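Protein chains: 2
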Amino acid sequence: MTATILPLKTQRPPSLEALIALVAADMNGVNAVILERMQSKVALIPELAGHLIAGGGKRMRPMLTLGSAALLGYPGTRHHKLAAAVEFIHTATLLHDDVVDGSGMRRGKRTANLIWGNPASELVGDFLFSRAFELRVEDGSLKVLRILSHASAVIAEGEVNQLTAQRQIETDEDQYLDIISAKTAALFAAACRVSPVVAEASEDAEFALECYGRNLGIAFQLSDDVIDYASDEATMGKGVGDDFRDGKMTLPVILSYARGSSDDRAFWRAAIGGERTSDSDLAHAIGLLRQTDALADTIERARHYSRRAIDGLAIFPPSKAKSALIEAAEFAVARAY
Amino acid sequence: MTATILPLKTQRPPSLEALIALVAADMNGVNAVILERMQSKVALIPELAGHLIAGGGKRMRPMLTLGSAALLGYPGTRHHKLAAAVEFIHTATLLHDDVVDGSGMRRGKRTANLIWGNPASELVGDFLFSRAFELRVEDGSLKVLRILSHASAVIAEGEVNQLTAQRQIETDEDQYLDIISAKTAALFAAACRVSPVVAEASEDAEFALECYGRNLGIAFQLSDDVIDYASDEATMGKGVGDDFRDGKMTLPVILSYARGSSDDRAFWRAAIGGERTSDSDLAHAIGLLRQTDALADTIERARHYSRRAIDGLAIFPPSKAKSALIEAAEFAVARAY
Chain E
1 MTATILPLKT QRPPSLEALI ALVAADMNGV NAVILERMQS KVALIPELAG HLIAGGGKRM
61 RPMLTLGSAA LLGYPGTRHH KLAAAVEFIH TATLLHDDVV DGSGMRRGKR TANLIWGNPA
121 SELVGDFLFS RAFELRVEDG SLKVLRILSH ASAVIAEGEV NQLTAQRQIE TDEDQYLDII
181 SAKTAALFAA ACRVSPVVAE ASEDAEFALE CYGRNLGIAF QLSDDVIDYA SDEATMGKGV
241 GDDFRDGKMT LPVILSYARG SSDDRAFWRA AIGGERTSDS DLAHAIGLLR QTDALADTIE
301 RARHYSRRAI DGLAIFPPSK AKSALIEAAE FAVARAY
Chain D
1 MTATILPLKT QRPPSLEALI ALVAADMNGV NAVILERMQS KVALIPELAG HLIAGGGKRM
61 RPMLTLGSAA LLGYPGTRHH KLAAAVEFIH TATLLHDDVV DGSGMRRGKR TANLIWGNPA
121 SELVGDFLFS RAFELRVEDG SLKVLRILSH ASAVIAEGEV NQLTAQRQIE TDEDQYLDII
181 SAKTAALFAA ACRVSPVVAE ASEDAEFALE CYGRNLGIAF QLSDDVIDYA SDEATMGKGV
241 GDDFRDGKMT LPVILSYARG SSDDRAFWRA AIGGERTSDS DLAHAIGLLR QTDALADTIE
301 RARHYSRRAI DGLAIFPPSK AKSALIEAAE FAVARAY
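In order, the protein sequences belong to chains E and D.
Quick note on our numbering: the first sequence kicks off at 1 and runs consecutively.
Quick note on our numbering: the second sequence kicks off at 1 and runs consecutively.
Hints were generated in silico from the structure; no laboratory data involved.
Among the clues, some could well be false.
Given that identical chains are not distinguished, each listed pair holds provided it fits within a single copy or across any two copies.
Dumping the calculated DSS-like pairs for lysine-lysine here, alpha-carbon to alpha-carbon at most 27 Å [to be verified]:
hint	residue 1	residue 2
1	K143	K41
2	K109	K41
3	K248	K41
4	K109	K58
5	K248	K58
6	K109	K248
7	K143	K322
8	K58	K322
9	K320	K58
This one's a predicted model, so the numbers in the text were calculated from it and none came from an experiment.
Please take these sequences and the hints and turn them into a complete structure.
Spelled out as structure tokens, the structure:
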């Protein structure tokens, strides 16, 4: 009998590196589809779309489609178009979000609406939504179409729901979970679920990957909420305090408001109402979030969803792909501290 | 031999009445789908969407889907969902257009963006786009999906193209035809073309109805362009001079600019550039349009497309439905004078 030499587990923090390496070859295929399908004879379209799409971002959602396919040993390339469609839906949502929020910075760059104006961002967003439809239709599977178009409708509904909750201090944790389940987690779930359909895997595999994606999406959103109050612009490529200045109710604020003194609650009410937006107000807000453990506990909530995401993968045997997906779920939490 | 008594042709102007009567029963089915599918647990969605959808409008595009199906003697109801999808696409486009143009009045009512704000209009538009896609997917025909999602992408491209032409006095007639072919005629064409697919009619029938719809769409858009300079607000439910104040290049302006003196051209350049927006500027503009025959000739151009639409129907034998569709094409021109 020969002893199996197990490599020592290094203590490096969880990262996306394993997942990125796992899907690198497929991602080239996805990027080719993305570049080809954002073209148009109307020059403004590739110019504006390219600013956001070519300009980076983690390609988290396409990575999940590719990672899920790798988990199932799917050898084809049908999922490249679907991963590109998912990225187009996401990009269109970002373009529209930045218009709605009047944001000025995203991923460390000026936003498209700031450079080309709101109308251009809005209409190019519509174009990308439509292209995403076309890509799905080209795939030809009605099941895939159903999954992705349902996700689109749920996202749009979640966006409107978030808009109605904006500046509403009464938003509670349940309501907020409803919003992010729709607005963020639905696309993560759909991105994961299309792969078992394409790979003709079992329904159990579909449900398992949908569960993984949905919970991972919530974990990512909650850690994003923390990062918006806890990071510095240089490292995150996003303005700290964007959510604060937009009067967005996120979980840290919900927890801090629920746990605060009546003075604290008055502060939050004013801040979310748009009457406290200075840097010193933001510093005060971060102080309150720390005092009430709201940031730490939001990370704990994120960890809960990350664990559920990982448990969702239980039915799959160990593999490099499974390890990479598990590490991505750990990263979803670890990035916030 | 008995003599066939032909009813005397009345001299009333062409109207949509015959088409409306032809499709009335089916339209109830379409309206039921529309009302059901614009619902959401997020109350703002049916509220805002209902303002525009329930609030009237001719339902021109769904009428064309239903009229085309009637022409083919299609006995089923599959096209109800598709007609609703077409209306949702159109409504989403209107919501986004009003945001882009900053419009305040539509169909004689205050616009949704004025009442609920731009973000709400934008996001509810996204929701309707997504719902339209779900409705198409439910139908289950990939051919229908291809037709409607291609139309969506073409419309979005046309909208961006129009945005880049906005306030550009150099826009010429060819370029303008490209824009309205994409922005308006593509959805008219798709609305007509889905019916022969659903009715399993011949490819010839598909091409014929697509040709009818496309040319009809151009005729409608050109007469709309005339109406914007020629009607009064009370009768049209639309602010006269909206296009003028938005600096929109439409065919009347293109013709008048091409034919004008150098003073006239200087006026148009300033007006389209946004430096002449008063009521007296509008009156001066209308004067120039009349002097250069730009309004009358735009109507002539519309008549050309209306005739091509009618010729598109040549392959179909005479029927009540065919007469109604022909009269709709005549109405598309007659409404402008």
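Quick rundown of the hints versus the structure:
Taking the shortest Cα distances, K143 and K41 sit within 27 Å of each other only across copies (25 Å), while inside one copy they are farther apart (32 Å). For a Cα distance limit of 27 Å, the shortest separation of K109 from K41 inside one copy, 26 Å, qualifies, whereas the shortest one across copies, 36 Å, does not. In this assembly of identical chains, the alpha carbons of K248 and K41 lie at most 27 Å apart only when taken from different copies (21 Å versus 38 Å within one copy). Taking identical chains as interchangeable, the C-alpha atoms of K109 and K58 lie at most 27 Å apart only when both belong to the same chain, with a minimum of 14 Å there against 44 Å between chains.
Only within a single protomer do K248 and K58 lie at most 27 Å apart by alpha-carbon distance; the minimum there is 24 Å, versus 39 Å between protomers. Only within a single protomer do K109 and K248 lie at most 27 Å apart by alpha-carbon distance; the minimum there is 21 Å, versus 32 Å between protomers. Only within a single protomer do K143 and K322 lie at most 27 Å apart by alpha-carbon distance; the minimum there is 24 Å, versus 38 Å between protomers. Taking the closest pair of Cα atoms, K58 and K322 come within 27 Å of each other only inside a single copy of the chain (19 Å); across copies the shortest separation is 55 Å, beyond that limit.
Taking the closest pair of Cα atoms, K320 and K58 come within 27 Å of each other only inside a single copy of the chain (20 Å); across copies the shortest separation is 58 Å, beyond that limit.
Checked against the numbered hints listed earlier, the structure breaks none of them; every hint is satisfied.
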